[in-house]
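Hey, can you work out the whole structure from these sequences and the hints?
First to last, the protein sequences are chains V and D.
All residue numbers for the first sequence refer to the working numbering, where the first residue is 16 and numbers rise by one.
All residue numbers for the second sequence refer to the working numbering, where the first residue is 3 and numbers rise by one.
No lab work stands behind these hints, which were simulated from the structure alone.
Each hint should be verified, as a subset may be incorrect.
What the hints assert, rightly or not - Subject to a maximum C-alpha distance of 27 angstroms in a straight line, what follows is the list of computed DSS-like cross-link-like pairs (lysine-lysine):
#1 D/K68 to V/K37
#2 D/K23 to V/K100
#3 V/K70 to D/K170
Unchecked claim - Examples of chain V residues lying across from chain D (beta carbon under 7 angstroms, computed):
#4 L59
#5 H63
#6 H64
#7 W65
#8 L122
#9 E126
#10 H130
#11 H140
Just so you know, even glycine gets a beta-carbon here, dropped at the ideal spot from N, CA and C.
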Amino acid sequence: MSHHNENIAAAHGHEDHAGMDKKGIWRVFFILLALTGLEFLIALGFVHHWGIIEKGAVLNTVYIILTLIKAFYIVAYFMHLKFEKSGFIVCCSIAFIFIIYFIILLLIEGEYLLHHFQSHPLFPHS
Amino acid sequence: MSTTTVSQLDKVKDGPWNGGKSPWNLEYGKIMMWFFLVSDAFTFSAFLLYYGAQKFAQPTWIDADKIFQSIPGIAESGQPLVFVGIMTFILIMSSVTMVLAVDAGHRNKKDEVVKWMLWTILGGLCFVGCQAIEWTHLHHQGFWFGRNPGTGLEGDALVEALAPYFTKDISYTAALQFANLFFTITGFHGFHVSIGILLNIIVLSMTLNNTFERRGTYLMVEKVGLYWHFVDLVWVFVFTFFYLI
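If you want it as structure tokens, here you go:
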């Protein structure tokens, strides 16, 4: 029981040192909204409607970068990770090295399958 | 004998890792929620990565602009991305109301916690509803687990059935993989949202029962908040990989 109380005390101490006020919350919301809006502007406007930009690797990179920025704002501010102790931040984020490795691994594998084991019928689009 | 000098060994160690207190200054349950979310992120990464690997392995793929074109009740086709835009906005909005609930919990304001939790639950329900409409629409078009509009057809009929969804070459396998992965991944995400709504309702009723008031802390709101933001985070990635790329 005393352990439980200590933990609650820890949580109380924790709210003192940092965090976001209401203004900060809405600021992050508008950043997320603006980034999403930008994605829509590119996808609907520049690509679909006006046809200025073509779909491809460059555009996909832009989308992924915008997504990662959004992910950063959600994790850092909404999930409050930025205000935790650095040891905890490292503890939670270091495991994603494996995901980076996994991305490289699977995409290379996919490329290989495309060129070496492609046996499904293809029909040209009229 | 002098008593003022203390040997190095006898000094009381009071660093964060020397016991007696939480080294990360975090409550146990919150740390466990974080670790669960990290593992859950791995599950979603595996799903999305398999989607990426399939896309790389197929010479052609379904065009997102062509398959997601309807706004239910307004336009049957010709409006790519608009409906999913509304869904994304709903989920971001409900994430914000969740942070506001957590913020109110920090200040021990029960009424505000209740208000923002209600908005969050409403947002979650709207999102799941939109998801259901989207699934129904695709199901009517002939997409489902292991099935696409070309299933059971051959030759010209097959090409004709699948042509509306492709810009480049047409492949039955690619359409099938797309259908399987779309329903699996958005389904798994929708399942998470549903669980999140359930957790939010439980926490809301606990708030109304004054459980947290008596406990002296609204930490539980913070924990379900973490889960709820994670659901939003996953949607950001699902949205990019299914709808944009």
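*Hint check: is the beta carbon of V/H64 less than 7 angstroms from a beta carbon of chain D?*
10 angstroms, violated
*Restraint check, 7 angstroms cut-off on beta carbons, for V/L59 near chain D*: V/L59 check passes; min Cβ-Cβ to chain D is 6 angstroms, inside 7 angstroms.
*Can the restraint linking D/K23 and V/K100 be considered satisfied, given a maximum Cα separation of 27 angstroms?*
OK: D/K23 and V/K100 at ~14 angstroms, within 27 angstroms.
_Using the nearest Cβ pair, does V/L122 come within less than 7 angstroms of chain D?_
5 angstroms, holds
*With 7 angstroms as the cut and Cβ atoms as the points, is V/H140 at the interface with chain D?*
6 angstroms, holds
*Taking only the CA atoms, is the gap from V/K70 to D/K170 under or equal to 27 angstroms?*
12 angstroms, holds
*Does V/K37 lie within 27 angstroms of D/K68 when you go C-alpha to C-alpha?*
40 angstroms, violated
_Less than 7 angstroms between beta-carbons is the criterion; does V/W65 satisfy it with respect to chain D?_
Cβ of V/W65 sits 14 angstroms from chain D, so the hint is violated.
*Hint check: is the beta carbon of V/H63 less than 7 angstroms from a beta carbon of chain D?*
6 angstroms, holds
*For the hint on V/E126, does the least C-beta distance to chain D fall short of 7 angstroms?*
Result: holds, 5 angstroms to nearest chain D Cβ.
*Grab the minimum C-beta distance from V/H130 to chain D and call the hint holds if it beats 7 angstroms, violated otherwise.*
Violated - the Cβ of V/H130 stays beyond 7 angstroms from chain D, reaching only about 9 angstroms at its closest.
When held up to the earlier numbered hints, the structure conflicts with 1, 6, 7 and 10 and fits the remainder.
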